[in-house]
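Top line first, the protein sequences correspond to chains A and B.
In terms of full-length UniProt numbering, the first sequence has 638 at position 638, counting the first letter as 1, and numbering is strictly consecutive.
In terms of full-length UniProt numbering, the second sequence has 341 at position 341, counting the first letter as 1, and numbering is strictly consecutive.
Each hint should be verified, as a subset may be incorrect.
[As the list claims (entries may be wrong)] Take a look, some chain A residues computed to stay more than 10 Å from chain B by CB distance: (1) Asp175; (2) Leu494; (3) Lys674.
[What the hints assert, rightly or not] Think about it this way: if two alpha-carbon atoms lie no more than 20 Å apart in a straight line, the pair counts; the simulated PhoX-like pairs of lysine-lysine are: (4) Lys667/A - Lys515/B; (5) Lys266/A - Lys94/B; (6) Lys399/A - Lys94/B; (7) Lys386/A - Lys522/B; (8) Lys272/A - Lys261/A.
[Stated by the list, open to error] Some but not every residue of chain A turned toward chain B, in silico, with C-beta under 10 Å: (9) Lys217; (10) Arg280; (11) Pro324; (12) Glu327; (13) Lys354; (14) Arg374; (15) Tyr379; (16) Leu380; (17) Pro382.
It is worth saying that the hints were derived from the structure and are not from the lab.
Each residue gets a CB set at the ideal place from its N, CA and C atoms; glycine is no exception.
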Amino acid sequence: MEESSGNMRSSEPTAAMKKVREKTAKKRSKEEEEEEEEQIFNFKDKPAGKEEEDEDLSDSEESVFSGLEDSGSDSEEDEKESDDNDDEDDDDVTAVESKQPKQTEEEEEKEEVVGGVTEREEEEKKEDEYEHDSSDEEDIRNTVGNIPMEWYKDFPHIGYNLDGKKIFKPIRNKDELDDFLDKMENPDYWRTVHDKQTGSDIVLSDEQVELVNRLQKGQFGDVNFNEYQPSVEFFSSDVMIHPVTNRPADKRSFIPSLIEKEKVSKLVHAIKMGWIKPRRVEDDTRGRFYDLWAGEDSSILGRHKMHLPAPKIPLPGHQESYNPPPEYLFTEEELALWEQQDASDRKLPFVPVKFSSLRQVPAFSRFIHERFERCLDLYLCPRQRKMRVNVNPEDLIPKLPKPKDLQPFPTTQSLVYRGHSGLVRSISVSPSGQWLASGSDDGSVRFWEVCSSRCMKTVQVGGAVKSVAWNPNPSVCLLAVALESVVLILSPSLADRQVVQSSERLLSGQPEADTSDAAGPVIWSDTEGEELNQGIRLKIQHPKAVHQVAWHAKGDYLASVMPDHSSHLQVLIHQLSRRRSQNPFRKNKGLVQCVSFHPVRPYFFVATQRSVRIYNLVKQEMTKKLQANSKWISSMAVHPGGDHVICGSYDCRLSWFDLDLSTKPYKMLRHHKKAVRGAAYHRSYPLFASASDDGSVIVCHGTVYNDLMQNPLIVPVKVLRGHVITHDLGVLDVTFHPTQPWVFSSGADATIRLFT
Amino acid sequence: MGGLQKKKYERGSVTNYITRNKARKKLRLSLPDFRRLCILKGIYPHEPKHKKKVNKGSTAPRTFYLIKDIRFLLHEPIVGKFRDYKVFVRKLKKAYGKTEWSAVERLRENKPTYKLDHIIKERYPSFIDALRDIDDALCMCFLFSTFARTGKCHVQTIQLCRRLTVEWMNYVVAARALRKVFISIKGIYYQAEVMGQLITWLVPYQFSHDHPTDVDYRVMATFTELYTTLLGFINFRLYHSLNLLYPPKKLSALSASLARMVSSAEEEEAQLDQFPVEGEDMEKLEAREREQKEQEAQKKLFDGLKFFLNREVPRESLAFVIRCFGGEVSWDKSVCIGSTYEVTEETITHHIVDRPNASTQYINRYYIQPQWVYDCINAKIVLPVEDYFLGVTLPPHLSPFVEEKEGDYMPPEKVKIMALQRGEKPEQEDEEEEDEDEDEEEEEDDNDDEEEDEEEDEEESEEKNLKKMEKQRSQGKSLQVKVTPGKMKVENPERLEQEEKAEEKRLAIMMMKKKEKYLYDKIMFGKKRKIREANKLTAKRKAHDDAEKANKKKTRK
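Excised from the complex, chain B in its bound form (with noise of 0.2 Å):
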């Protein structure tokens, strides 16, 4: 038995994971920097296949970072900063101790700083992926532009965010990329289209917030941070992109369109150069087509129509939308800086409200709530008015974002929207239809009457049985003996066929290996689910609409 004794936990996937604390000591880092480190790194945690092993045999939870990132960080330049900003904060202590308001002046004024360029440009080598990786920074920058001087972050920090996040929705407003928007209870969601990427973000209400206690602001100051770095070097590609200038000026508003570098205000259209294609690839890219010409049409939506805003609606998130799509926006001027006409101009087409009533109406303009307007950029057509005047009970707003597959619910007025889409007109079903079904409704109640009638002459006849036969004989009447025709079984062939299959079907999953019967039944029992809640909705929403249908009546009545 000769060589070296094996030691245990020295090889194998031990050597590929380093606890945090180990990592922080390698790295000589406080724990607060160590993770603002991970975050502007981008650094996370790895979860080891055999924790056991790589524990070295203690089941503690740990938290392990791969020890090739960990060794990454070690060249990082910004770790030094750190440690310089401690030392910074050391000497600056001390000076205040002393009272050397002098030092202290010095100190200040050589603050070290650091910058996450090189960060980013190594985070996202490419500007797709640093676009792909937007809608977290975009979220965050809206969330803290809309935060007060409450000393929860620096005030800069804040104005930095909202500038950003201005330039950002410029962008979008002059690039046309808007495409979905959701009003949800947590706030607005936005989809926009930008170079072939679908980014999504979430900006709140315009309120101000209760600053929760619980929330570590100094991890959120630091991911903002990095965001707002990312999204100033983004505007910067996009604003040149589109040839505008950056950074550009006076936008808060959203009213103004930007300056343009190259004054060519005519863009050319890219035409698609026409490949010879065959079978499939013929049939995919005319879908293709399609779904550009759709698009086409979705940005040009609003061409033409004049809206003004009154002062209860809000006003940034309703600017931007309609500026995306082609309108005319304007506000009163006592509202917000940037309003371009005024109320009484003639011109305005349609005239968003908030309210119950509007106290002066024009007549040659529409008067509507605001839910019309991100209907219509969903539904991608100009929806019919009607529904959402004054005072009038808006239809559900539908979330934009979900596809519904076959087999899954669909709300009724999803349908519609969709029946609008195709361009068949709405029927007219207010009024007539429900007397119909009324009516109808009402035979059916008589001969769900009748047929209980008859159960219960079924029961009761073969108590009474008897006693009939003995009336029918004072009666005079002959018994009544009947000898009923044989019925033909009939035999539906599909049906048969059905059963058939449907049999062969179960011999056939009683012969599936148990792995695979066990996949098979997870399947089947997700597949159940979800007809179950589908079918649930179903059920809910048609005693909903019964329940309403019967209100009515008895209004009417």
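So that you can see chain A by itself, here it is in the shape it has in the complex (with noise of 0.2 Å):
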């Protein structure tokens, strides 16, 4: 390097050359040029040196071409050297103020030219820094280039230097006891660093240490850089005699322009072709607020019909309040549920909180979410006007009258009857009203004294009884027992002596020869010893259990039923004076629950599964059927006069039919709360009652008009109650006195009570 700065010096053309090869690319290209250049400024430089009063016009004129100039070079090397030739010798003064434009090229120049003495080692600086400049050649000492030094790890060197030899490691790798002890003893250590390129430790001068410091800080490097120098303004308001360049004009210049030909007539013609609008006037009168309903006439037709202003959003209550009163606050319970519940369940969207003072109240976290879900609803919900009914529920009752009008009625629980030890299934009330009869499943019947409950019989008749019936003829006494699959007729001799002849007299009827043999399997029999004894007359073997018997009107016919699914023996029409059976059904229609005379005309009324048939006995065909509209009937009881029927079933309601009206309840009583078991007509009082397993018996008020046009009036009249619930059963049996408004019930809990 120094041989090279030296020829630099020797001779102007070797030194160009130099500086030449040294340049970067982008330079290159101007090379032409500049040397041009450099030969009008040494030829303007001279007079420069000469004339000494004409310094200021020359600065500036030199300043206007170098700032054209400055590209590659940077200010600070000039400054140092500037600094540098001022402290040297104050006769260079001219060539000082001729090295301001920060060309190095012409800063050699002029060196040349003043041949100012300069010092060697200033000239040696200068070169290095100018070595040190170009940043492709940074550190040549290893030519391995620019790689992760690692690479070399395994081998004992560490590369090559510029002629190809290898560099050798450091002998020994420092260990860590080593650094340390270095970094203990070494007082130097702290400006020690390593060279990976080299593998060796570098020392860091104190100039270094300088320029490293006011680099961490943020400074320049240089300690005489003076960023705030005053800035020279090459291009001012004041116009220059001189161009900036003496470049002549480009041909360009005073042709036009075809490019900008084309354009506007592009632009032209899109204004024709109307795709560009001039630009559109300012349109004020968006954001400015009139009287807008100033002409509000009614003929404008608004939204169509359908249109539904949204609901308000609900006012808030005490629970909103920043201090509700205390109770309004959750407790903890109140607060866990809360917690629990979806967001949709909840009855508050929030928790009632209370603060002391108005300044604590914070801010409502879901604030914008609310608006916003109010938004939401207003334009996508949709909206349906919803009637609210506005009744006043007393209203919906309805104007019945008064139970105390419609007297007499049972009441009260006057009697109990006790004595049986099994459920008493069945009960029935002699047609004098005197004597009581009550079938159990203890297997005795039992005959008690209605006024005085006293039990004036037991007959122990071997079987739970199903059914007792008392016969209804008032001219005989006789009673009719249902067990197993028997019948029995009892004489309970408790009644005056004519009477009971008259009874013995229907009982001591032949039978007829069993020609027919129409109901084959049942076998009449009379008894005989203790049977007879106990007022057991006669025995009637049926071929099944038989469930249920039922009187004619006139006392002589005796109709029981064996509940069957196959056969189509399930009724029995038993004639006490002659001592014959018969099946009236040709075929099974189904299960049979219950039958019943007809208190007047030969019909006969037989209850299955799900509806009523009524047969004539005398047509011997079917002359109603009627849909009770219920799952299972229970019982049946028919009006004394004959064109109305109840029906109670187990699914707990007790149907009206009216036999004139429709083959349709006329009324469904849902009265119970559990299956209805029995239900009875009062034979003179227009009352009628249901037995259910809730272990109430309802009285209700039927009044029956003769005058075809008016509908039966069904009034609930009285809920009584007395009998205790047992395995589920409540009341079994209802039936009434024949004369009093009383009316008897028999329960599971083996008691008979009487209410009047």
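Got two chains here, separate frames each, mind docking them using the hints?
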């Protein structure tokens, strides 16, 4: 390097050549021009050196030129140099002045021209810096290039020097102990830097440390650089007499531009076609308010009629207050419940909170959410007009005559008949109203005096009694009892002698010759011995278990029911006077539940599971079929007039049929909570009762009018309770006193009760 | 069998409805544009009665619009503007992509805009219609006016909302239209009566918002666009109805009264003409007159009072509320512009402070907490200030919007306020009564003990009966053989009658038809639930009061 610099100094052309070589590629293109300029410069500089008065002018001129040329060099160097020069000799003033243009080439030339004494060291320094300035050959002691040095980890050398010789690593690698000792003993340790490229340690000089410090602080690397020096305005408002460049103007600056022409023609075309519109006049009416409803004419048809205004947001209650009354705050359980619940199930969308003063109230975190939800509701929710039923509940209750006006009816429990040990399935009152017969699961039939609740007689029949029925004919005193597959005819002899005699006569009727043998399996037999003593007079043996017996009003005929799915032999009608039995039906129409005779006309009612059939016994045909609209009929009673029927069913209903009206129930009464087990009409009073498993007997007033146009009026008048529910069974049978407004009920608690 | 075959889903209710997607296609709009159009025009979906029929047999969830609504939208000029805007955006994008900045500038200058005036007029043919629907508009504008410039919406929108809401508040002040205020945990509810319409709006507390991410601000912005237009026109009309200049100037501080167009300051009170009326009408008229008088009195609630707001109280709300009822109000100069007098002013009657204690106190004024102002307004009378002094536990703040019907629960505070409204003086209940109560309680406690003892005795008596007899015998006393005289069963005729009636009712209910019974049961269930809730609240209150009392006792001891 030293040599090259020496060369440069000795002769101008060599120096120039050298510089050209060192120039960047970018600059190389301008080479020619620069040389030209150099000459100009030289030419100009010479007079400047002689005429010192003209300094200013020349200075400015130079600066103008240099400003144009300034591209690659840094100003720092020049500054430094100039400073150095200043220090060294005052004669050099002009030269220093002339050095302001920041072109190194020029400087060198000037130095040559002036011929001032320049020290060797200075020259050296300059060269050094110049060398380090080039970025592409930073440190060429090791020629491996910019690679990770770990690649040489396993080799004894670390790279190659310029001559292609290996650079060897230091013989011994420093281990940590060495490092530590070094740290402790070496006073320059802190300024020692390891150079990976050469594998050697470098101790930084004071200047280098200073430089590092300055750079770390974000200052300029050069101490002497003044970043606030006054700037020179090259382009000022003053018009200079000389042009900035001497370059002649291009041809294109005299000829109209074709490209521009094309652009303009495009715009013109676009305007002609209406693609580009002239600038819009600013519409300032937007955002300005006026009286919109000034001409409020009713003729404007608004929306069509389907439009519904959105409902308003409900107004807040006490809970929402920032300081609510203490009762509105959540307890711990309520809070836990609130947190557990789904957001849509919550009664309140927020938790009430109490703040002791207004300044403690925070922002409500869901405010924007709630507003947004309201917006969604407004434009996404279908709206519907829902009519709210605004009814006074009292108006819904039907207006019925007062029960007080419908007296007499049983109101209180007055007697309890105790004695049975099993549940009492069936009761029956004698036509005179003096006696009451009851059949129980304990295998006995008891006779009670109604008024005194005294058990007059107990007949052990040897089986659970399913049904008892007192002969309705007041001139005889007989009781039919159904148990297992037998129907017994009892003569309790609880009447005066005449009646007993007439009943004896009825029983002693001779059996007809079994010619027809219609009811083949039925066997009539007289009883003897003990049974006769007890009052059992006749035994009618059936083929199957008998569930119910029913008398005809005259007291001669007796019907018995043997429920069976598969057989047509379910009902038998017995004639007592002739000891004859008959099966009236040829076909099985369903499971028969109970039967009943019409009180006056020759009709026969058969209740199957879902319907009631009415047969004309004379014509031997079905006249009507009543649909009960219930699942399973349990009991049936016929009105003493014969035109109305009530049916109790196991699905808690009691249906009232008006035979003149329809085959459908006239009224369904859902009074009971549990299965209805029994139903009964009063013989003379307009009363009927129903007994149910819920332990209650409900007495209703059912007025039947003779006028066909008027429907019966049904009014419940009393709920009678008294029976205890045992084994889920409540009241099993109910019957009225024939003359008094009294009702008897028998229950699963083995008692019979009289309500008067 | 002649004639054309009938096709399914071509007649009947199907023809009245159209799905959302079809509607969108018919209008040739993108979904966001369709949404905006629906919002602006107030079109909402409809739920068909027979959804499956309308949905052509499918049960897929679909949104249906009335076909009439969509036809109505077809003629809307704003649809064209939407399309223009779409084209504009496309052109702008293209210009950006080509970096043709002049084109960008030109396009921006010609950006299509639209006005909503005609939509407002169409949606609300009369002014009263518009007033009726202003609740949501106010809520929204008040919310947007509190937004910071975070880019959730245009700054101009925020400023416009702020301007409109301030104008609205000033109108309410000028018209003295405010009726009720309620400080809730969500914000402050105000209710004003404007031209006979009750208008309620909610203002959030003055805090910066924590903007949620799951909220579509475009929807909100579209609503705000509509609402600002609506509110602007309404404000204009309202200001003119009071002979005030619109737009007003310098109002944000809510301290100055508005400039009048006509200088005649005296308002002519419209005298009600007296018509000869009879019977019920007379009563109604009287009631109305009474109400009007009450309202007039309420309007002048704070007349002559001078308030000063400390810096920690919500200035805007209090200034608005106080000025609505005729009070004068000021605040520290450094809090906000528009303060009219200093703290040192001698004539200040009430100083509103929300701190445990005030540093310097002037003797001739009350230092009260802000709730007093709101409670006074809701009670329509100037309440005694004692309960609202600094550091005192405030009485609960009740919602003025709850109107208790018969059987509803009423907090005891409300009962107290109602008594004050009737003019009854609050009893001196504090110390003496409590003492009495305590004494009574103690007595009761004693009684309870005795009773318990007796009961125990009874229980034991049967077991020890024999022993006692033996003892007595040993002591030489004669055995106690008592013949207790038979008691007459006292029949309470009233009670009997009641029972009878109850039974009658029960029996009548049995005879109800199924449908009516169902309805009746439902109504009764609702009623019972209400009663249950009221009872629960009462019980809770009682428990709370008892606990309080016990606490007091403890602290005293």
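Cross-check of the supplied hints:
| no. | hint | in the structure |
| --- | --- | --- |
| 1 | Asp175 | 57 Å, holds |
| 2 | Leu494 | 38 Å, holds |
| 3 | Lys674 | 15 Å, holds |
| 4 | Lys667/A - Lys515/B | 14 Å, holds |
| 5 | Lys266/A - Lys94/B | 17 Å, holds |
| 6 | Lys399/A - Lys94/B | 82 Å, violated |
| 7 | Lys386/A - Lys522/B | 17 Å, holds |
| 8 | Lys272/A - Lys261/A | 16 Å, holds |
| 9 | Lys217 | 38 Å, violated |
| 10 | Arg280 | 5 Å, holds |
| 11 | Pro324 | 6 Å, holds |
| 12 | Glu327 | 4 Å, holds |
| 13 | Lys354 | 8 Å, holds |
| 14 | Arg374 | 7 Å, holds |
| 15 | Tyr379 | 5 Å, holds |
| 16 | Leu380 | 7 Å, holds |
| 17 | Pro382 | 4 Å, holds |
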